[in-house]
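Which chain is which? The protein sequence lines are A and B, in order.
Numbering follows my numbering, in which position 11 of the first sequence is assigned residue number 11; successive positions increment by one, without gaps.
Numbering follows my numbering, in which position 5 of the second sequence is assigned residue number 5; successive positions increment by one, without gaps.
For the record, the hints were derived by calculation from the structure and aren't laboratory data.
Any given hint might turn out to be false.
What the hints assert, rightly or not - Far from chain B, some chain A residues (derived; all Cβ distances over 12 Å):
| id | residue |
| --- | --- |
| 1 | Glu3 |
| 2 | Leu4 |
| 3 | Asn5 |
| 4 | Asp19 |
| 5 | Glu48 |
| 6 | Asn82 |
| 7 | Ile87 |
| 8 | Pro134 |
| 9 | Gln159 |
| 10 | Thr160 |
What the hints assert, rightly or not - If you want the footprint, here are the derived chain A segments under chain B, 3+ residues with CB under 8 Å:
| id | stretch |
| --- | --- |
| 11 | 7-13 |
| 12 | 32-46 |
| 13 | 49-62 |
| 14 | 144-152 |
| 15 | 161-169 |
| 16 | 172-184 |
Note that the Cβ used here is the ideal one computed from N, Cα and C, for glycine as well.
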Amino acid sequence: MTELNDIDLIQAAAQGDADALMSLYDRYNRLAFGLAYRILGNPSFAEEAVQDAYLQVWNRASSFDVSRGSNVRGWLMTIVHNRSIDIRRRDIDHKPAHVPLEDAEHRLSVPDVWRDVSASLTQETMRSAVATLPQDQRRAIELAFFEGLSHGEIAEQEQTPLGTIKGRMRLGLRKLRTVLVDQHAAPDGYEHDADRGHFRTEVG
Amino acid sequence: MNPEDSTENERDDMHYGSLLGAAAFGTLSAEEGRELQAYLATSEVARAELAQLRIIAGDLSLLVDEREPSPDVRRRIEQAIMAGSRAGRRQVAAPLAPTTGSGSVRPLEISSQPSPTPISKAPGWRNYIWAAAASLLIAVLAGVMLDRIFLQETDDDLDGRQTIAYELTLPAPPPDLSAELTYDPDRQLFVLETENMPDAPEGQIYQIWLIDADGPTPVGMMARNDSSVAVAANRDDYATFAITVEPGPIGSPAPTTDPFFVAALGPADNSG
Numbered sequence: 001m002t003e004l005n006d007i008d009l010i011q012a013a014a015q016g017d018a019d020a021l022m023s024l025y026d027r028y029n030r031l032a033f034g035l036a037y038r039i040l041g042n043p044s045f046a047e048e049a050v051q052d053a054y055l056q057v058w059n060r061a062s063s064f065d066v067s068r069g070s071n072v073r074g075w076l077m078t079i080v081h082n083r084s085i086d087i088r089r090r091d092i093d094h095k096p097a098h099v100p101l102e103d104a105e106h107r108l109s110v111p112d113v114w115r116d117v118s119a120s121l122t123q124e125t126m127r128s129a130v131a132t133l134p135q136d137q138r139r140a141i142e143l144a145f146f147e148g149l150s151h152g153e154i155a156e157q158e159q160t161p162l163g164t165i166k167g168r169m170r171l172g173l174r175k176l177r178t179v180l181v182d183q184h185a186a187p188d189g190y191e192h193d194a195d196r197g198h199f200r201t202e203v204g
Numbered sequence: 001m002n003p004e005d006s007t008e009n010e011r012d013d014m015h016y017g018s019l020l021g022a023a024a025f026g027t028l029s030a031e032e033g034r035e036l037q038a039y040l041a042t043s044e045v046a047r048a049e050l051a052q053l054r055i056i057a058g059d060l061s062l063l064v065d066e067r068e069p070s071p072d073v074r075r076r077i078e079q080a081i082m083a084g085s086r087a088g089r090r091q092v093a094a095p096l097a098p099t100t101g102s103g104s105v106r107p108l109e110i111s112s113q114p115s116p117t118p119i120s121k122a123p124g125w126r127n128y129i130w131a132a133a134a135s136l137l138i139a140v141l142a143g144v145m146l147d148r149i150f151l152q153e154t155d156d157d158l159d160g161r162q163t164i165a166y167e168l169t170l171p172a173p174p175p176d177l178s179a180e181l182t183y184d185p186d187r188q189l190f191v192l193e194t195e196n197m198p199d200a201p202e203g204q205i206y207q208i209w210l211i212d213a214d215g216p217t218p219v220g221m222m223a224r225n226d227s228s229v230a231v232a233a234n235r236d237d238y239a240t241f242a243i244t245v246e247p248g249p250i251g252s253p254a255p256t257t258d259p260f261f262v263a264a265l266g267p268a269d270n271s272g
């Protein structure tokens, strides 16, 4: 039997197909648990985060919009990440929760190239892309993503001006975007210029 | 556009643009979030950049090493889903003292620390919740009966598990409505079962919230034909369970209406 893809599964889950959700669980539980464990450092908390996240997916499956340019794995991992950070700040660091921006306010169509890039990423490509970042940008991104620190908290921890940290986070993500698009889109002899949105031919 | 306007716009672009990285990670403070939200409404460029940065930030999960969770996680998720879809089945509740966990239920008190307020949350909503919960406690202490649905069933459930029953209060309960909110400490699972629950108004849904000192967390929804719903969560982490009516089909990120149901997740209801 042909294996259903992620989009088929999330759409089936949105129709109340529990088996479809569990197929998504079987497909991504190791990545989800790895992410939660990396953030929380505690298997019980990590399991709570994964469980909560999948139940959120179950309850919100109908809100997944294929046209948004996200992929199911990325959406799912974002939910696992957010839940893990909530638990970390509440139960481990005892800090107030962050406030997510309303998703509905900036549901935009993302260019097709991004849909393809994100859906095709592997651990290897992501790691090699992150390795290209300057150390200070990499550090700022890791502290924000894996430890859930705000830019103010990172600035304090790193004893670096707030504006510098803001810049490192944004620039680091933008550079990652550029590198990943280049890695994904460049056929032999071509390089995709992500910031300008066009291809240029490598000469010579 | 005159030069002063142009300079001001550039300043805005720089200021708010500098928040986009943190916004992609979801680590903005409440004030920053409100500011950026307003700015995003005016800048398609900023919205597009944020959308892209969010995708990249989400894909950073690929950096971690995969790990195998306990098989219990899969089982608990399946159980929660199945419990939530058992429409119409009566759950028999047993009011018992808490039997697992730390046994220390978070008291109903307003944190002395300022906590961020979710964007676009109805300003008086949180106060309403606390007031409702406080009113419930006062009423119980004073022996005053509120309009409420009272749980009186005391058996173990069909699986032999012991569950804890909670009292639900409604500002104005519809006639014939009955409802039970129970919690299974072993499975860390809330189950709400209702009979004669009125349909949410057309285009709207019932959205479920668990509330702690930092505010409400959306944990699920009830579709129009649902009579029961399950929510997997650790009761010790929350002070209040509530349901509001929100725009369908996806609900709201924060409550926008007064609660339809409220249950204070205090000690188990032993009053049968």
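Here is how each hint holds up against the structure:
| no. | hint | verdict |
| --- | --- | --- |
| 1 | Glu3 | holds, 19 Å |
| 2 | Leu4 | holds, 18 Å |
| 3 | Asn5 | holds, 18 Å |
| 4 | Asp19 | violated, 10 Å |
| 5 | Glu48 | violated, 7 Å |
| 6 | Asn82 | violated, 6 Å |
| 7 | Ile87 | violated, 9 Å |
| 8 | Pro134 | holds, 14 Å |
| 9 | Gln159 | holds, 18 Å |
| 10 | Thr160 | holds, 14 Å |
| 11 | 7-13 | violated (count 0) |
| 12 | 32-46 | holds (count 8) |
| 13 | 49-62 | holds (count 10) |
| 14 | 144-152 | holds (count 7) |
| 15 | 161-169 | holds (count 5) |
| 16 | 172-184 | holds (count 6) |
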